[in-house]
Each structure stands twice: as structure tokens, then as C-alpha cells.
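Asker: For the protein sequence lines, the chains are A and B, in the order given. The opening residue of the first sequence carries number 1 in our numbering; numbering runs sequentially from there. The opening residue of the second sequence carries number 1001 in our numbering; numbering runs sequentially from there.
Don't take every hint at face value.
[What the hints assert, rightly or not] If you want the footprint, here are the derived chain B segments under chain A, 3+ residues with CB under 8 Å:
(1) 1087-1100
(2) 1137-1151
[Unchecked claim] Here's a subset of chain A near chain B, in silico, CB distances under 7 Å, partners left out:
(3) Q80
(4) I82
(5) A130
(6) E135
(7) R139
(8) D140
(9) V142
(10) A144
(11) Q145
(12) M149
(13) G152
(14) Q153
(15) G196
(16) I236
[Unchecked claim] Pulled from the structure, derived: some chain B residues nowhere near chain A, Cβ distances all over 10 Å:
(17) G1019
(18) S1025
(19) A1045
(20) E1104
(21) I1181
(22) S1189
(23) T1201
(24) A1211
(25) G1213
(26) R1220
(27) D1227
What the hints contain is simulated information worked out from the structure, not anything from laboratory work. Backbone N, C-alpha and C define an ideal beta-carbon position, used for all residues, glycine too.
There are 2 protein chains.
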Amino acid sequence: MGRRPDLDWSHACRDCAVGTSAVCSTLDVTALADLRNQGSSIQLAAGQPLFHQGDPADRTFSLTSGVVKLYSVLPDGRRQVIAFHFPGEFIGFSPSEDYHCTAEAVSAATLCRFETGRFEQFARSSDELARSRHERVARDLVAAQTRAMVLGQAAARERLAHFLCDVHRRSQARPAGASGIVPLPMSRSDIAEYLGLAKETVSRELSALRATGIVRTISRNLLEIRDMERLRRLAIV
Amino acid sequence: MGRRPDLDWSHACRDCAVGTSAVCSTLDVTALADLRNQGSSIQLAAGQPLFHQGDPADRTFSLTSGVVKLYSVLPDGRRQVIAFHFPGEFIGFSPSEDYHCTAEAVSAATLCRFETGRFEQFARSSDELARSRHERVARDLVAAQTRAMVLGQAAARERLAHFLCDVHRRSQARPAGASGIVPLPMSRSDIAEYLGLAKETVSRELSALRATGIVRTISRNLLEIRDMERLRRLAIV
DNA sequence: TCTGCAGGTTGATCCAGATCATTCGTGGCA
DNA sequence: TGCCACGAATGATCTGGATCAACCTGCAGA
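Let the hints inform the model, and build the full structure from the sequences given.
Answerer: Written out as C-alpha cells, the structure is:
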């Protein structure tokens, strides 16, 4: 799993599942221990919230396992899933005092928690951490802008195809193998709220993809992409 | 216009219209001159491109006057306007080698151009610049995520209302007065492509807002908000 | 083993907004 | 002054996906 040979790894982060891809991987061993020591690892059960829209944004998190969704809710109950986050990704950068959305575990998840202010200090003292953080946020920005394309222009089938490709790519990042198996720990409603569709439409379009042999359903939340070529062509973006 | 009294302003940036709100406002006078000297001010006529999707991302820009749109185009011609940018905003942060979208002036515009690599160096040496840049990108990210809410959940009328409030706020930032006048230098098609609607729908909904007295059309691209309260209630987000 | 129920799928109908078509208005130019 | 061209507004029609309504399926708990 490619651990960095220049570190002795004899501290709390030694066994981190996302050690080489997380933001903190840019820190040397002393700084890392230092940063880590301020906070702790948290475990969430599926469905448990990490923070709520409007809470003071005094924590940031590095997701080490599981899937977390960000969403916000309108007064009238309409709900938009803003993003799904996968292991190795960072959660909780906020340009304001408060979180502007709610974060909730989709499956059992573990995270590293940092106190935002101290993280900020580290960013000040470490060019590398600051640079890496900037790159991450910039990547999130591009992802969010790509979503504008999907939500603004793509038809239901295209949205779903794009979603499946995206989840495949991002969950695949870890276990290497190009298996075509896609874990879908989130419910159909979550997917629908992410794609700006009704859950019935997600169900129907998934059935359609199944009917054309592009995809096979292994179980409720496990799916196999059988024709990546065609799926990608559908995904457009 | 609130110039910072601790600077002598006796250099090229002295007359910058967005001096106090631009990223570079965090730099002291020497660093600023230094950063500025590498690049130059550019002028664009309405419709002129700043960069194209796929171009190497070796320039970043600070918009000092005018409006610029970012958009990307699908192979089949569908087009999504990703963002409109107003004076004081930054353009061209990219986490990859290439720009992922095209930038084009909507009205005549002037910008400061920085060489990305050198800007990066400055960010390394100036905590403040790095922090300010991070804050900007994080704000852009929140804006992009808010757009997901709008594009995923809002009805046509709500989208338009949200758009008008947003443009009002962001263009108002500069001339202070709470006049209710909104300049709309972009075409109806631009707005439609920004909101994921057909241009006919934008036209119709605008007429509807006019009919209910919420809004008044001064000219093709100048509009007055007559009932901000109701417009905001429509905008939802 | 049965029962309840939450999440998922499928079917029938409806409607917001797309699309196609026409008309209107304004500004540039001979 | 009249003509042209292009963007905007409006009208008529069509349709993708929402909504409403059963129904199915697999698991938890008695």
C-alpha cells in the first residue's frame, strides 16, 4: 500500500488506511503527531450525523473509512444531497463561521477530527499543507462545477450513468483492482436527491440500464458495471 | 472608496477599482508591486474569450471591471454556464494542468493577469495571500454547492429569482447604494444556460415577475427590483 | 414460522417546462 | 427614413420526468 519509506510511522497515524492520500500525508512525522494529538478518531454508525447545517464550523475531518453525505434542506422539506465523500477525502472546509450543510454517515464511517483553528495554524506554518489543502478545495470546486453541468443539462439516464462512473472511480481508488464492482451504500432516495430526480426515476433508469445489459445488480447496494464503454458514453461528462 | 491608509499606493495598483477587495489586497506594497510587475492589465471586448477549455492553465486573473462568464460545452452542443464573475473576483484557479472550461467576457472587461507559477510562489511566501486565496476558493465552492441546490431542486421561477438576487448582491457590492437596480449585461440565453432552462422559459418567467410587480424592466439589460421582499421569498435559498 | 414494515420496483396519469413557430421591438446602417 | 437583423416575447404543442398508487421483497422481531 505504498507507505512513505522516509517516515518511521511509529505513532498514531501508522495504520491510517488513507495515509498516503489524505491531506495530512504532506506533514512530516513530528508535525503529524502534533496535529493528530489535538484531536481524535471518531466512529459513526450509518445514519449518524457528523455536524448540522448552522453548527459552528470549528471542526474539520479526514474520512478514513465509510461514506459520508452532505446535504441541505429547504424550509418546505425539499432536500439536496450536495456531495458524497469517500475515504481519503476531507470534510468541513468552510469559508464562514458556520457549516452551510449537514454531514451524515451513509455507512459506518471513521474519521480523524481536527480543530479548525489549529489546522489553520498548521496551514500557516506548512507551505505543503496549505498547498495540498488548496489543491483539494480546488478539486472539490471543479467537481461541484461539473455537477452544475450534470444538473443543468443532463437527462435522467445521463445523470445516473455519470453518478455510477463517478462512484466507481472514487471508491475504486482504494482497492486498486479494476473490477467493475460498485458499492452503493446510499439509498435510492439519497441518489435521487443527489441527482435532482425522483426516487422512482432512479429506480426506473437503473432498471433500464439493467435491461440493456450495461449493468448488473448483485444486491440492493452492490452493482456490477458490465459494459463500462457504453456507460461512459452515456455519462457524457 | 476605503483605501487602506497604511499603504502609499504610489505604484501601478494605486487606482485599482477593486483594490480593497481583490486577493492581492492582502499583500504589502512591495510584494504587490513585485507580483504586479510580472504581468499586465488586459482589456477584453464583449464576447472576447479569456481562455479556452483545454488551454494550459498557466494564467490566473483578477477581474477589475466588467463581467466574465465561465462555461463548458458538450460534444452535442449543449452548453452550461458554470459561473458569472463580477469585479473583485478571481478567475482561473485550476487543480489540473488545463482549464476545464472556457472564460469569455460578457461585457467589456479589464483584468489583471498573473502567471500561475509565480502566483504560487507568492502564496508560498505569504501566509496571508495563501489564506485569502483559500478563503476565496472555499467561498466559490460554497457558491457552487448552492447552485447544486438551485439546479437540483428549484422550479423555474425560483431559479430566476435566486439569480436576480445573486446578481443584485454581487454587482451591488461595489457602488454601495441599495438601489434595487440590477445590470444584466448577459443575454437571456446566457441566463438560461446558467440556470439550466430554455431561453423561452427565462423570458416567460421574467414577464411573470414583471406582471406581478416584483420587477420592472428598464431596458433590455437593466432591471429594477421593486419588491425585494417577495423576490427573496421566491428565491428560497 | 408468521407478521410487519421499510425500501425498492413498476404502472398510470399529470404537468412544468422544452420545443417549435411566429411576432415584436430596437438599434445599426444605407 | 426605411430596411434589415438579431434578441426578446409570446403562443401552441409535445414530452420527460414528477406524482400518485399498488405491489413486491427481504429482513427483524415476536
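Asker: Does each hint fit the structure? Answer for all of them.
Answerer: Here is what the structure says about each hint:
1. 1087-1100: With 5 residues in contact (Cβ-Cβ under 8 Å with chain A), the coverage given for the segment 1087-1100 of chain B holds.
2. 1137-1151: holds (count 13)
3. Q80: holds (4 Å)
4. I82: holds (5 Å)
5. A130: holds (5 Å)
6. E135: holds (5 Å)
7. R139: With a minimum Cβ separation of about 4 Å from chain B (threshold 7 Å), the hint on A:R139 holds.
8. D140: holds (6 Å)
9. V142: Result: holds, 6 Å to nearest chain B Cβ.
10. A144: holds (4 Å)
11. Q145: holds (5 Å)
12. M149: Given a least distance of 4 Å, the restraint on A:M149 holds.
13. G152: Holds. Min distance 3 Å.
14. Q153: Nearest chain B Cβ about 5 Å off; hint holds.
15. G196: holds (3 Å)
16. I236: This interface hint holds because 6 Å falls under the 7 Å limit.
17. G1019: Given a closest Cβ separation of 21 Å, the condition holds.
18. S1025: B:S1025 is indeed farther than 10 Å from all Cβ atoms of chain A, at 17 Å.
19. A1045: For B:A1045, whose nearest Cβ neighbour in chain A is about 26 Å away, the distance exceeds 10 Å, so it holds.
20. E1104: The claim stands: B:E1104 keeps its Cβ more than 10 Å from every Cβ of chain A (closest is about 16 Å).
21. I1181: Non-interface label stands for B:I1181: nearest chain A Cβ at 27 Å, farther than 10 Å.
22. S1189: holds (13 Å)
23. T1201: holds (13 Å)
24. A1211: holds (24 Å)
25. G1213: holds (24 Å)
26. R1220: holds (24 Å)
27. D1227: Non-interface label on B:D1227 holds, nearest chain A Cβ at 20 Å vs cutoff 10 Å.
Going down the numbered hints, you'll see the structure goes against none, and every one checks out.
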